[in-house]
Amino acid sequence: MWSLKEILEKLETQRSYVIDPNAKIILTQEQLGEALSSNFEDAMEVLTDGSLLRALQAVDEPMADKLINYQRDFLSPEVLLFYLQYDLNPNLPFSYRDIAHREIRTLGEAILAGKAEKDLLVEAMRHQLMSFYVKLKKIDVSSPEIYEGVLFTERYLDTNADVAYVTLGYYLSERKFYRFQNRRFLSVTDFYRYLAHRKLFKAFARTMEQDLLFFGWLYYLGNGDTVEKWLKTVGEIDTLAYQEANATSTEAK
Amino acid sequence: MKALDKTVLLFELLLGTDMARVNEKIDQIHFSDFYGRVVRVVPTLARTQLLADVVERYHHIDLYGILSIQRALEVEQELVELDRRIRLLPTINPYLADGGERPYEVKTVGQVGVEISAQGMRFDDFVSHQGVLARHRNKVVKLKAFAWYKEAKRGLTEMIDDSKLMLQKIRKAKLTFKSLGFQYVFTSILVVGVVVFLLFFPQSEAYRLGTLNWLPRTIYTGVVYGIAVCYGFLSIAHHHYKTYPFRMASSLRRNVAKQQKLSDTLDEISETFERQLVQATKMPRKITTSIHKVAVIGEQRRHNTSELIDYVYSEKEFYFERHRAFLVLHNIAFAGIVLASVAIVMAQILQLL
Numbered sequence: 001m002w003s004l005k006e007i008l009e010k011l012e013t014q015r016s017y018v019i020d021p022n023a024k025i026i027l028t029q030e031q032l033g034e035a036l037s038s039n040f041e042d043a044m045e046v047l048t049d050g051s052l053l054r055a056l057q058a059v060d061e062p063m064a065d066k067l068i069n070y071q072r073d074f075l076s077p078e079v080l081l082f083y084l085q086y087d088l089n090p091n092l093p094f095s096y097r098d099i100a101h102r103e104i105r106t107l108g109e110a111i112l113a114g115k116a117e118k119d120l121l122v123e124a125m126r127h128q129l130m131s132f133y134v135k136l137k138k139i140d141v142s143s144p145e146i147y148e149g150v151l152f153t154e155r156y157l158d159t160n161a162d163v164a165y166v167t168l169g170y171y172l173s174e175r176k177f178y179r180f181q182n183r184r185f186l187s188v189t190d191f192y193r194y195l196a197h198r199k200l201f202k203a204f205a206r207t208m209e210q211d212l213l214f215f216g217w218l219y220y221l222g223n224g225d226t227v228e229k230w231l232k233t234v235g236e237i238d239t240l241a242y243q244e245a246n247a248t249s250t251e252a253k
Numbered sequence: 254m255k256a257l258d259k260t261v262l263l264f265e266l267l268l269g270t271d272m273a274r275v276n277e278k279i280d281q282i283h284f285s286d287f288y289g290r291v292v293r294v295v296p297t298l299a300r301t302q303l304l305a306d307v308v309e310r311y312h313h314i315d316l317y318g319i320l321s322i323q324r325a326l327e328v329e330q331e332l333v334e335l336d337r338r339i340r341l342l343p344t345i346n347p348y349l350a351d352g353g354e355r356p357y358e359v360k361t362v363g364q365v366g367v368e369i370s371a372q373g374m375r376f377d378d379f380v381s382h383q384g385v386l387a388r389h390r391n392k393v394v395k396l397k398a399f400a401w402y403k404e405a406k407r408g409l410t411e412m413i414d415d416s417k418l419m420l421q422k423i424r425k426a427k428l429t430f431k432s433l434g435f436q437y438v439f440t441s442i443l444v445v446g447v448v449v450f451l452l453f454f455p456q457s458e459a460y461r462l463g464t465l466n467w468l469p470r471t472i473y474t475g476v477v478y479g480i481a482v483c484y485g486f487l488s489i490a491h492h493h494y495k496t497y498p499f500r501m502a503s504s505l506r507r508n509v510a511k512q513q514k515l516s517d518t519l520d521e522i523s524e525t526f527e528r529q530l531v532q533a534t535k536m537p538r539k540i541t542t543s544i545h546k547v548a549v550i551g552e553q554r555r556h557n558t559s560e561l562i563d564y565v566y567s568e569k570e571f572y573f574e575r576h577r578a579f580l581v582l583h584n585i586a587f588a589g590i591v592l593a594s595v596a597i598v599m600a601q602i603l604q605l606l
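Here the protein sequences line up with chains R and X, keeping their order. Residues 1 to 253 in the working numbering are what the first sequence lists, from first letter to last. Residues 254 to 606 in the working numbering are what the second sequence lists, from first letter to last.
Calculated from the structure, these hints are not laboratory results. Worth double-checking, as some hints may not be accurate.
Covered stretches of chain R (chain X as the covering partner; in silico rule of three or more C-beta atoms under 8 angstroms from a C-beta of chain X) [as the list claims (entries may be wrong)]:
(1) 102-111
(2) 179-192
(3) 200-209
In silico DMTMM-like pairs for lysine to aspartate or glutamate, Cα to Cα no more than 20 angstroms straight-line [claimed, not checked]:
(4) Lys259/X x Glu209/R
(5) Lys10/R x Asp42/R
(6) Lys255/X x Glu209/R
(7) Lys255/X x Glu236/R
(8) Lys259/X x Asp225/R
(9) Lys199/R x Asp258/X
A short, non-exhaustive set of chain X residues, derived as facing chain R with CB atoms under 8 angstroms [unchecked claim]:
(10) Ala256
(11) Leu257
(12) Lys259
(13) Leu263
(14) Phe264
(15) Leu266
(16) Leu468
(17) Thr471
(18) Ile472
Just so you know, these numbers come straight off a predicted model, no measurement behind them. Glycine included, each C-beta is placed from N, C-alpha and C at the ideal position.
Throw the hints in and build the complete structure from the sequences for me.
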């Protein structure tokens, strides 16, 4: 079994995708992309030492140009590799660094279940890689709401990365419900009724602010503006209360 | 800001435009049968939620609830708080149903109007009611309370007058049971005819002398005793029917007396009630109590009046149903007398043969 570096050397030597004419072994662009995708450490190494560029220049001039353009755009190696692997093989599953997820739905479920690689995915979102992938898979055509949602979460990342990440999970998995006490709620109204009926408001209030799934759900349901307004109002009230308290203490002195 | 306040505020913002939820709240309005309809505002967990409820119900969908004055005063206090908060932070606008940017504003705290109707009190349009200013609040309370009181009293007086009129009509009206009357008259004639026949007619001389054959003699004797029993029964039944309107009228009179007593009680209480209304703001609890009392009287009045009307209109209609067995016996007696008369005729024919 050849390593990635060996494959690239053979490509450079043969100056063709036919890397072993005797054994009639022919490499394809897709296979090269897959090799880059599945061996992140090796891929980074061949990218850094220039062997990948040399191999591409030997066998695939257009792809080599793309790589040069990516490098000229000062893309980080990880991001560069991400784009390049899909240039080589658009059929690859979502793969960033050393993580890979075959289906975006299961990726979304993993995010909501807290089983996904949060740091790496947030990083990918920060580089708009998620929206790139969704568009690559033509999900923007089949499910434009998912694409719009992913774009939104990538934009919202700077405001609140945690909420953006969870909201991404809702969009990718298309999960419409919020789970509370082993019950599924499809609308805020239903959830409110439940809380009011079971007198769980206080209990819910204690943990609400830390409940990212709840806020992600609200954003997914399209209540983002309302939540923003709420955050702003709460902030203003807290500020005013603080000022009022300060003024009172000053008067007392 | 406390966690609960934050949560409630969030839900207010989220559901503020959800009319389905508002409608659900309307469905949840409970009606107390104690003094008509009393809205119990949907139980809420925080002050802000209560405010949202009130504002939604009163301001946006034009539903007027019915609250006690005590409740109204509580809500008024809530409005004070709302007003304070809104003035403190004019950008807060969680109470709009239309989702627009128009800021909600409590016009003047204390715009409380209480409308009291026959069903009880109605806490009325305290936010947007035109012309009701804070300084007029007490006046509004008093005026509306007086209006209700007058209405209630007038209604009661009318009801008593109606009862009296009804009583007079019943007294004048003769409850006729035509079929039974005919039976009684017919039977009476038959009885007289049979007795006259047995005592005076020459054809019954053999019976009177005791020389009659055993068969006709037995028939004659049976007929005499049968007629006596049936006629006695018919007489009792007839008397019962004849005196029925009077008995009913007597019962009505008792009911009317009760109504009159009730009216007197209302008058008595109303004096206290009126005095307390004058001091409306100073003694809200007492007002509430008085209004409860008057409302209870109103409820009794409605109940008793209904009972009276049912009594008058249903008694005659259901009389036969309730005395079905009695009626059957009556008809048996009538049939017995008719058969006895026929038997005498048959016996006479047998004797002639």
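For each hint, the structure was consulted:
1. For the stretch 102-111 of chain R, the assignment as covered by chain X is violated, since 0 residues bring a beta-carbon within under 8 angstroms of that chain's beta-carbons and 3 are needed.
2. As drawn, the stretch 179-192 of chain R meets chain X at 3 residues by the rule of a beta-carbon pair under 8 angstroms; at three or more, the given contact holds.
3. For the stretch 200-209 of chain R, the stated coverage by chain X is satisfied: 7 residues place a CB nearer than 8 angstroms to a CB of that chain, which reaches the threshold of 3.
4. A distance of roughly 9 angstroms separates the Cα atoms of Lys259/X and Glu209/R; the hinted pair therefore holds under the 20 angstroms criterion.
5. Distance restraint check for Lys10/R and Asp42/R: the Cα-Cα separation of roughly 16 angstroms lies within the 20 angstroms cut-off, and the hinted pair is therefore satisfied.
6. Straight-line distance between C-alpha atoms of Lys255/X and Glu209/R comes to about 11 angstroms, which keeps the hinted pair within the 20 angstroms bound.
7. Between the alpha carbons of Lys255/X and Glu236/R the distance comes to roughly 14 angstroms, so the proposed pair stays at or under 20 angstroms and holds.
8. For the hint linking Lys259/X to Asp225/R, the alpha-carbon distance of about 16 angstroms falls within 20 angstroms, and the restraint holds.
9. Restraint check for Lys199/R and Asp258/X: the C-alpha separation of about 15 angstroms stays at or below 20 angstroms, so the hint holds.
10. Checking Ala256/X against chain R: minimum C-beta separation of about 4 angstroms stays under 8 angstroms; hint holds.
11. The criterion of a C-beta within 8 angstroms of any C-beta in chain R is met by Leu257/X, whose closest approach is roughly 4 angstroms, and the hint holds.
12. The closest approach between the C-beta of Lys259/X and any C-beta of chain R is roughly 6 angstroms, which is under the 8 angstroms cut-off, so the hint is satisfied.
13. Hint on Leu263/X holds. Least Cβ distance to chain R is approximately 5 angstroms, under the 8 angstroms limit.
14. Interface hint at Phe264/X: satisfied, since its Cβ lies 6 angstroms from the closest Cβ of chain R, which is below the 8 angstroms cut-off.
15. Look at Leu266/X: its Cβ gets to within about 5 angstroms of chain R, closer than 8 angstroms, so that hint holds up.
16. At its closest, the beta carbon of Leu468/X sits 89 angstroms from a beta carbon of chain R; the interface hint therefore is violated under the 8 angstroms criterion.
17. For Thr471/X, the interface hint is violated, the least distance from its beta-carbon to any beta-carbon of chain R being 85 angstroms, above 8 angstroms.
18. A least Cβ separation of about 84 angstroms between Ile472/X and chain R goes past the 8 angstroms threshold, and the interface hint is therefore violated.
The structure is inconsistent with the numbered hints 1, 16, 17 and 18, although it conforms to all the rest.
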